[in-house]
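Dock chain B against chain A, hints included.
Now for the letters of each chain:
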Amino acid sequence: QVQLQESGPGLVKPSETLSLTCTVSGDSIINYYWGWIRQPPGRALEWVAYTSHTGITGYNTSLRSRVTISLDTSKNQFSLQLTSVTAADTAVYYCARRDTTSAVDPWGRGTLVTVSP
Amino acid sequence: EIVLTQSPDFQSVTPKDKVTITCRASQNIGYDLHWYQQKPDQSPKLLIKWTSQSFSGVPSRFSGSGSGTDFTLTINGLEPEDAATYFCHQSHSGWTFGQGTKVEIK
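Chains as they are written, first to last, in the working numbering: chain A, 1 to 117; chain B, 1 to 106.
Here chain A stands alone, though its shape is the one from the complex (with noise of 0.2 Å):
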């Protein structure tokens, strides 16, 4: 069964960079696209974006030019980074896997990021 565990700090200054890891189990990251979904809290989902193995890449474009996903194969994770924060990036931030239609499965349980001085 694969699971998929958020972690990262919680709280995030205004104008700092928001970092999160996704640990994967049961699965290899060199399998499938890996991204991040983030929802504020009471509104719709946001796809942030995703990567794989192969070094395909998609990017929300209204997030492109501060986010950063990257593969770490040798601890099967992948990471998050959104630079330059506001307390719009107040989120819930879900990691997940894309298979092989293209939907995603599994989710990660979610970490809500708060952006606050």
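Source of the hints: derived by calculation from the structure; they are not laboratory data.
There is no bait here: all hints are sound.
Estimated spans, in silico, between C-beta atoms of each pair: (1) Thr-74/B to Ile-30/A: 35 to 43 Å; (2) Gly-77/B to Gly-55/A: 42 to 50 Å; (3) Asp-9/B to Arg-66/A: 25 to 33 Å.
Partial list, computed: chain B residues near chain A (C-beta under 8 Å): (4) Glu-1; (5) Phe-97; (6) Gly-100.
Think of the CB as a built atom: it goes at the ideal place given N, C-alpha and C, for glycine as much as any other residue.
Just chain B, lined up with the frame of chain A:
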């Protein structure tokens, strides 16, 4: 960017009712449309992939249909545990999600 618009935003229904949620894409996305269920304080769970393929373990009362720009999620015989928010998701060009439809049990 492909925009997905769901309707309705909210639906209050009685158990055993039939529920229909629609998702309209701003451009042709073929069959690259998926549906998820999200309950409070939980991560979304895949229900239907590629328009109409039921995901493993999903009850048969959930079904999907459509193509191009217009898609539908149907729940035939709503159960109380189906109270949740439902999102559509396109993977035709990048990823985008609909705004969600909250289904409440009367």
